[in-house]
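K.L.:
If you want the building blocks of each chain, they are given just below.
Number of protein chains: 2
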Amino acid sequence: MHNEQEIRDYVLRRVKPSKEEDELIWNTANSLLNRANEEIKKRNLEGDAILVGSVAKGTYLKNPDIDIFLRFPKDLNKEDLKNLGIEIGKSIIPDGFAKYAEHPYWRGIYNGFEVDIVPCYKISKPEEKISAVDRTPFHTEYIKKNLKDEQKDEIRLLKAFLKGIEIYGAEARVCGFSGYLSELLILKYGNFENVLANVSKWRKKVYLHLGEGGKKFRDPVVFIDPVDPNRNAASAVSEESKSLFIHASRSYIEKPSKNFFFPNPTIPLSKEKIKEEINKRETFFYVFEFPKPDIIDDNLYPQINRTMEALTKILKDFGIINTFYIVQNSKVYFLIELAKTALPKVKIHEGPPVWHQNSKNFIERWRGKALRGPYIKGYRLFVEVQRKNTSIEEVLFHNLPNYKLGKEFDKLKNEINLGEIWNFMEKLDRVELTKFLIFKFPWER
Amino acid sequence: MHNEQEIRDYVLRRVKPSKEEDELIWNTANSLLNRANEEIKKRNLEGDAILVGSVAKGTYLKNPDIDIFLRFPKDLNKEDLKNLGIEIGKSIIPDGFAKYAEHPYWRGIYNGFEVDIVPCYKISKPEEKISAVDRTPFHTEYIKKNLKDEQKDEIRLLKAFLKGIEIYGAEARVCGFSGYLSELLILKYGNFENVLANVSKWRKKVYLHLGEGGKKFRDPVVFIDPVDPNRNAASAVSEESKSLFIHASRSYIEKPSKNFFFPNPTIPLSKEKIKEEINKRETFFYVFEFPKPDIIDDNLYPQINRTMEALTKILKDFGIINTFYIVQNSKVYFLIELAKTALPKVKIHEGPPVWHQNSKNFIERWRGKALRGPYIKGYRLFVEVQRKNTSIEEVLFHNLPNYKLGKEFDKLKNEINLGEIWNFMEKLDRVELTKFLIFKFPWER
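The listed protein sequences correspond, in order, to chains A and B.
Position one of the first sequence corresponds to residue 1 (UniProt numbering), numbered consecutively onward.
Position one of the second sequence corresponds to residue 1 (UniProt numbering), numbered consecutively onward.
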């Protein structure tokens, strides 16, 4: 399927709700709004319920989440605001549950749709925001006001594309492009094809805005939020996600395919093939198994990254080839590929410049104790000293107390299992292992 | 022996010629000058013979070389100048031989002293110099004019100190402090103790001059030549020699000893002890044996350094711990201590940024051929590819054709013998091996 029009039609057929589905979505949203306003009235509260998010904006894909915001006056205290959200949510969807981000809210299934009921403050302009979500209604309003009807499908195409190449979503697990950012990109560039054409020309610095610019940011992608010029609407986008978007755009333009929107799943290699792939590299794959901390994903993934950074720093002398992590069941597995598994007994230790006030101490400390030296190289003193810890296990357990992993992982330092990958082969997800061993861009699978 | 005065006396007793020796030196020098002037006159040439160097300046140690310069008018052509030097030299010392630096000269033994007879142009100021040695008589004149009699022993002490700590001489093998530079240091700082006191405070940049300053230089030590402000009289001094001088000065001031002037020789370790030292480091010592090129030392040593640099570049993936060379009989041995002897089969290959015009070629070139990737890290493409050469021998012989060793060593690429140090244990000088394995500053042996 090479014709771009055919691809567009195919994608929209698969992601865009039908007339009947649309009707059901809107009936459900209206029913939720009525129920919410009743509950507010019943309690004699000032306030209202509004629909926000992709349903409100008409940019939703099939089976969307429905986001209902409960707006209360600014003088309501924060504790009451939070409690009201939970209380009203519970009375509308009794079998839901509370979720805690910066701000608690209520999540449940209603009419078959996943629904979030979120309390916020009713403010007159975004600068007045008190809680993190107060700005959301303005985003919804902005898009509703500025997006042309015919652009809604363009947004659906863009979202499907970003989903397909696995960078859709601002959450920490993805570090990609949010729904709102997708909408801004369509407003900026007009339509889906134009977004790709422009993204394919992005380079190191990307600074975008609608109308006037705003503050400077250091993020890989900057898109000044038209609702608040002090905010970067693309702050979640990582360097990798940006680069993947650029590369995918170039690749799509060169050879369009529905695989960008609907990639094939990774076909796991057999155990034998996995062993073969590992063996032919002549490197060493180590696995560090941690219990999975019981925290939300947006806290978990940054901590995973921090933990991986610490592990690679500790093991850097073994020659890091590559790293990967797998979150599976109640465990987090850190996989690190190393060039070797033993360090020499000798370690070069850099001292001060010969003229430095500490050079005397340095010499006195090491004279007779060093394997070689103190000696001079360039203008510095050096010694070669005996390395105490030469195996991965020794180096790890000697250094672990001095390194900061992610906060929750720090508490789990005593519960690490580690060893060569062979000891974990029965446990580890073969799809994930395959992705680690044989990287493929999603659309090329 | 801790008293500095005692040390001074002891050193001077050992290095300063006695009255009788002095007389012999001067009789010899005068006899050489007479013979040389006779030869010039005999040939009806305009010109004269002069005494230069440490004998002329009165700063010589025991058993000095005697340097006779034959000065000819500026209009003599260079070929004739060179030939005359050889011809007259030969007639004075028939069993001498010609030496070739930038400029040929005659060397021989006369009255038991080593004598150099060097032709040069007689110029009226140093800027007019035609050949490299024309400036030398001005150096001699400058020192004779400015040095006080009582400073001559200070120079002897400084020279003996520099000799003892093994950085006396501007030649490429040493990269240290010449006789002339030693004299300038005494002129600058007054006496031996003051030189050490000042050197012990030297830091990264050392810029010295007598009277007015001169040109800027990037060398580790700069001493503007008072005879030619466009020349750095310390240009030969390496960073290591400078640092060693600083460190030795600080050490001497802290604890003076005659060992700085007359270090003990290195006592070679037994073969068994050498093996033990190597084994306890758990590293790998490789030896690269080259035939020794038949060139003068001032060309040989820079080429040895260049060759060592090339070898360490080629082998850097094996983890260079240390290097050393031994020039012995008709061979040059390069010793390289490595952290490992085999590389993994996989090699990370960095590609262009995703947005670069070459990124398409990069992907096409490696797709299906790489062990992993192309994949994105940061904003770049990467692949992991199969490494063809994983042993030291393979890596060396694959890369050797592409690297520049020293000029003469380049011609010897096909005559290298290499292997682990055990294969060379019978050949290698144990004193040198001991120096490599257990570094000691000369005065601490």
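Please note: incorrect hints may appear among the correct ones.
Heads up, the list lumps identical chains together, so a pair's fine if it works in one copy or across two of them.
Said to hold, decoys possible - In silico DSS-like links for lysine-lysine, alpha-carbon gap of 27 Å or less:
id: 1; residue 1: K388; residue 2: K340
id: 2; residue 1: K16; residue 2: K331
id: 3; residue 1: K145; residue 2: K271
id: 4; residue 1: K42; residue 2: K258
id: 5; residue 1: K255; residue 2: K377
id: 6; residue 1: K90; residue 2: K216
id: 7; residue 1: K440; residue 2: K411
id: 8; residue 1: K273; residue 2: K19
id: 9; residue 1: K313; residue 2: K215
id: 10; residue 1: K215; residue 2: K411
id: 11; residue 1: K407; residue 2: K145
id: 12; residue 1: K275; residue 2: K388
id: 13; residue 1: K313; residue 2: K413
id: 14; residue 1: K90; residue 2: K152
id: 15; residue 1: K316; residue 2: K347
id: 16; residue 1: K125; residue 2: K404
The hints are simulated quantities; they were obtained by calculation from the structure and are not laboratory data.
K.L.:
Now tell me if each hint is right for this structure.
P.N.:
Going through the hints against the structure:
1. In the homo-oligomer, the alpha carbons of K388 and K340 lie at most 27 Å apart both inside one protomer (17 Å) and across protomers (18 Å), since each shortest distance falls under that limit.
2. Taking CA atoms no more than 27 Å apart as the test, K16 paired with K331 passes in neither setting, with 36 Å inside one copy and 80 Å between copies.
3. Taking the shortest alpha-carbon separations for K145 and K271, neither the intra-copy value of 55 Å nor the inter-copy value of 88 Å comes in at or below 27 Å.
4. Taking CA atoms no more than 27 Å apart as the test, K42 paired with K258 passes in neither setting, with 50 Å inside one copy and 101 Å between copies.
5. With identical chains, the CA atoms of K255 and K377 are at most 27 Å apart between copies only, with a shortest distance of 23 Å across copies and 56 Å within one.
6. Taking the shortest Cα distances, K90 and K216 never come within 27 Å of each other, neither inside one copy (42 Å) nor across copies (81 Å).
7. For the homomeric pair K440 and K411, neither the shortest alpha-carbon distance inside one copy (35 Å) nor that between copies (47 Å) is at most 27 Å.
8. For the identical chains of this complex, K273 and K19 are neighbours neither inside a copy (48 Å) nor across copies (89 Å), given an alpha-carbon limit of 27 Å.
9. Proximity of K313 to K215 under the C-alpha cut-off of 27 Å is found in neither arrangement, the shortest distances being 34 Å within a copy and 46 Å between copies.
10. In the homo-oligomer, the alpha carbons of K215 and K411 never lie at most 27 Å apart, since the shortest distance is 39 Å inside one protomer and 62 Å across protomers.
11. Taking the closest pair of Cα atoms, K407 and K145 never come within 27 Å of each other, the shortest separation being 43 Å inside a single copy and 75 Å across copies.
12. For a Cα distance limit of 27 Å, the shortest separation of K275 from K388 across copies, 21 Å, qualifies, whereas the shortest one inside one copy, 32 Å, does not.
13. In the homo-oligomer, the alpha carbons of K313 and K413 lie at most 27 Å apart inside one protomer (16 Å), although the nearest pairing across protomers, at 39 Å, exceeds that limit.
14. With identical chains, the CA atoms of K90 and K152 are never at most 27 Å apart, being 33 Å at best within one copy and 101 Å at best between copies.
15. In this assembly of identical chains, K316 and K347 lie within 27 Å of each other by CA distance both inside one copy and across copies; the values are 14 Å within and 16 Å between.
16. For the homomeric pair K125 and K404, neither the shortest alpha-carbon distance inside one copy (41 Å) nor that between copies (69 Å) is at most 27 Å.
Checked against the numbered hints given earlier, the structure breaks hints 2, 3, 4, 6, 7, 8, 9, 10, 11, 14 and 16 and satisfies all the rest.
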